[in-house]
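K.L.:
Just need the whole structure built from these sequences, with the hints factored in.
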Amino acid sequence: MTYHTPEKIYLTAAGLEKFKKEHKGLQKIRNSKIIDQEELIRLNKRIEELELIFKSYELIKVPPKNRQGIVGLGATVVVEIDGQVDEFTIVGTLEVEPSKNKISDKSPVGQALLGKKEGELIEIKTSIIHHKCRIIRINYQNE
Amino acid sequence: MNSIKKFKVNLENLSSRERAIFKKLIRAAELIAGLYLKQKNKKYPGANFYPPNVSIEEIKKAARNNPSILNPYTFVERTKSEELKAIPYHIKFKKELKPISKFLEDAADLSEDKNFSLYLRSRAQSLLDGNYEKSEIIWLKTEPFKFGFVIGPIERYLDKLFFTKCAYQSWVGILDEEETEKAKEIKDIILTGRSKILDKSEKVDVSKVGIRVDKTAVFSGLIADCMFTGTNLPNDVRVMKKYGSKLTIFETSLKEKFDQDHLPIFQAVFDKKLQKRYSQKELYEGSLRCIISHELAHSLIRYRDAEKRLENLFPIFDELYAYILGIQRCGLAFLKGVFSQKELEAILIMHICRNFTWWLDLFKNADVYHYAAGAAIASNFFLQEGAIKIRGGISWPNFTKLFICIEELCKILDYYLAIGKYEEAEIFIKNYGSFDIFKYFSPQLKKFIK
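First to last, the sequence lines map onto chains A and B.
For what it's worth, the working numbering labels the leading residue of the first sequence as 1, then goes sequentially.
For what it's worth, the working numbering labels the leading residue of the second sequence as 144, then goes sequentially.
I should point out that these hints are in silico values taken from the structure, not numbers from a laboratory.
Treat the hints loosely; a few may be bogus.
Claimed, not checked - Chain B residues, not near chain A, derived (Cβ > 12 Å throughout):
| hint | residue |
| --- | --- |
| 1 | L157 |
| 2 | P287 |
| 3 | D319 |
| 4 | E322 |
| 5 | Q410 |
| 6 | K419 |
| 7 | E425 |
Claimed, not checked - With a Cα cut of at most 20 Å, we get these calculated EDC-like pairs of lysine to aspartate or glutamate:
| hint | chain 1 | residue 1 | chain 2 | residue 2 |
| --- | --- | --- | --- | --- |
| 8 | B | K544 | A | D82 |
| 9 | B | K398 | B | E486 |
| 10 | A | K28 | A | E38 |
| 11 | B | K554 | A | E38 |
| 12 | A | K132 | B | E551 |
| 13 | B | K385 | B | E286 |
Unchecked claim - If we take Cβ atoms under 10 Å as the criterion, some of the chain B residues that face chain A in the derived model are:
| hint | residue |
| --- | --- |
| 14 | Y187 |
| 15 | D331 |
| 16 | T335 |
| 17 | Q471 |
| 18 | G480 |
| 19 | V481 |
| 20 | Q484 |
Every residue, glycine too, gets a C-beta built ideally from N, C-alpha and C.
P.N.:
In structure tokens:
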């Protein structure tokens, strides 16, 4: 089971693959020599960022079968929040894509869910919204 | 009031051909205001759609034998023998509609976008033959066009007797691609999650919901009087369920409303300490998210028989619920880390300011009554539950309590729209719809009352 620590960058296998692809693509553009100075600076900055990620990332591992009933990073969770059924995957900050239902482990929902079990009723508490939420299902994309 | 409102927009990115199309569309839009003015009549709740001396019962009785009496696109007039008869708009305005239709045909000839031409030609025809559905479906099914253009009898706010007759309006705008992309992301977030609604048969296919943000150049007809900042069409639930809906956010209108109303009202009625917490940009974003989530929420709450059941009270519940549900959805987005707490607070604050705006707008235009009544209900509810506190005309919101109210109101409003009876809805409005709440703020708001 992978929990976040502040220093580490957590990536799913799919996320890592996506960043590697982006890195390769940017390098190709950089070598094409048809790029203006401004674009080159922006490109180099992004390549540096990606290389930094490659140096310090930790791959989110799918937990063993007997631990897959607990929410961890990379888990896709179906929940019921105040009558609304919702489904999202909990990812590290770099992979957040709310419009594709990938939410941060550091969001109020992410924080409240990590470490909780299927069927559990949990409370999401922020200073302005309090919600009860039931975990209906937890899925992991098995490797 | 000539019911035409023009906004400054930059036309630099338009080709000369596009500018020519733009001019044709503007001319058509301007002409439609003349028809709207013939429908409008402030003296009667039924405007000029019905004879002035007619009772609701008489109209209902006549409609039983002749359904065209309550057709959205007819005028009701008295014959010499004192009977009620229906005259379709396209027949009554045949002469006036011809040149408008011609401008659309001309624009279609000029356009290189085949779908846009198809839509314009179909709309040109529908203005003349009164069959609006075909062109509406083309509009819904085709990709966003460079020009945001809608024309015809559309909104029903002028008919305060039955909320049935459609008033003419038009707008012309240019697609803001960057803002549209941002709005699409909000759409995907707000419309995720499946609500538990009272009537399960009413589920909406959210994949059919489109959104665009326009730099609007012209409002004409009803929309010019009401100065809407967004819209979600079609109004016909049947068409919407089959073909989806399209939301337009009117960026130029919103910017003007924000500068002239939302921001000055915020500065007039909220505590100075609270004011310092938010930048102008954060508040504008709050106002924009408020309207986007409101229009998106409209796509979630179309109950098939609500209009028939709640009649003239329907728009009060419909508009208010869309605001409240939109904010509730923004709250869920905050929990998922999409919005920060400050951003969510800005949405709530701008909702409260919008409530004041609707009340102030009512002094200028009775057609926004439904919005103002909804604004009063929300404001009274917030005050009674302690979610806003008033001291000397200055307000301080309690965000935690505000959200409890939002959740509570969602349940109440969903009930009325899904299954509530007219009489129950009337009592609810009587209990919460008093405009007196806004009078607490009269000293601060005096300068806005025109």
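K.L.:
Does each hint hold? Answer for all of them.
P.N.:
Now the hints, each set against the structure:
No Cβ of chain A comes within 12 Å of the Cβ of L157 (chain B); the nearest lies about 27 Å off, and the non-interface call holds. With 12 Å as the threshold on Cβ separation, the claim that P287 (chain B) sits away from chain A holds: the shortest Cβ distance comes to roughly 18 Å. Residue-level check passed: D319 (chain B) sits 19 Å from the nearest beta carbon of chain A, beyond 12 Å. Residue-level check passed: E322 (chain B) sits 16 Å from the nearest beta carbon of chain A, beyond 12 Å.
With a closest Cβ-Cβ approach of about 23 Å to chain A, Q410 (chain B) is found to remain outside the 12 Å limit, as its non-interface label requires. K419 (chain B), annotated as away from the interface, keeps every beta carbon of chain A farther than 12 Å; the closest lies near 19 Å. Distance check on E425 (chain B): its Cβ is at least 16 Å (rounded) from any Cβ of chain A, clearing the 12 Å threshold; non-interface status holds. For a cut-off of 20 Å, the pair hint linking K544 (chain B) to D82 (chain A) stands: about 16 Å separates their Cα positions.
For the hint linking K398 (chain B) to E486 (chain B), the alpha-carbon distance of about 18 Å falls within 20 Å, and the restraint holds. As the CA atoms of K28 (chain A) and E38 (chain A) are separated by approximately 17 Å, the hinted pair is consistent with the 20 Å bound. For the hint linking K554 (chain B) to E38 (chain A), the alpha-carbon distance of about 53 Å lies beyond 20 Å, and the restraint is violated. Of the pairs offered as hints, the one joining K132 (chain A) and E551 (chain B) holds, with about 15 Å between alpha carbons and a cut-off of 20 Å not exceeded.
Between K385 (chain B) and E286 (chain B), the direct Cα distance comes to roughly 17 Å. Compliance with the 20 Å bound is thereby established for this hinted pair. Hint status for Y187 (chain B): violated, given a least beta-carbon distance of 43 Å to chain A, over 10 Å. Evaluation of the D331 (chain B) hint against chain A yields a held restraint, the C-beta minimum of about 4 Å falling below 10 Å. With its C-beta approaching chain A no nearer than about 6 Å, T335 (chain B) sits inside the 10 Å limit, and its interface hint holds.
A hinted interface residue such as Q471 (chain B) counts as satisfied when its beta carbon comes closer than 10 Å to some beta carbon of chain A; here the least separation is about 9 Å, so the hint holds. With its C-beta approaching chain A no nearer than about 3 Å, G480 (chain B) sits inside the 10 Å limit, and its interface hint holds. For V481 (chain B), the suggested interface contact is upheld, since its CB lies about 5 Å from the closest CB of chain A, less than 10 Å. Look at Q484 (chain B): its Cβ gets to within about 6 Å of chain A, closer than 10 Å, so that hint holds up.
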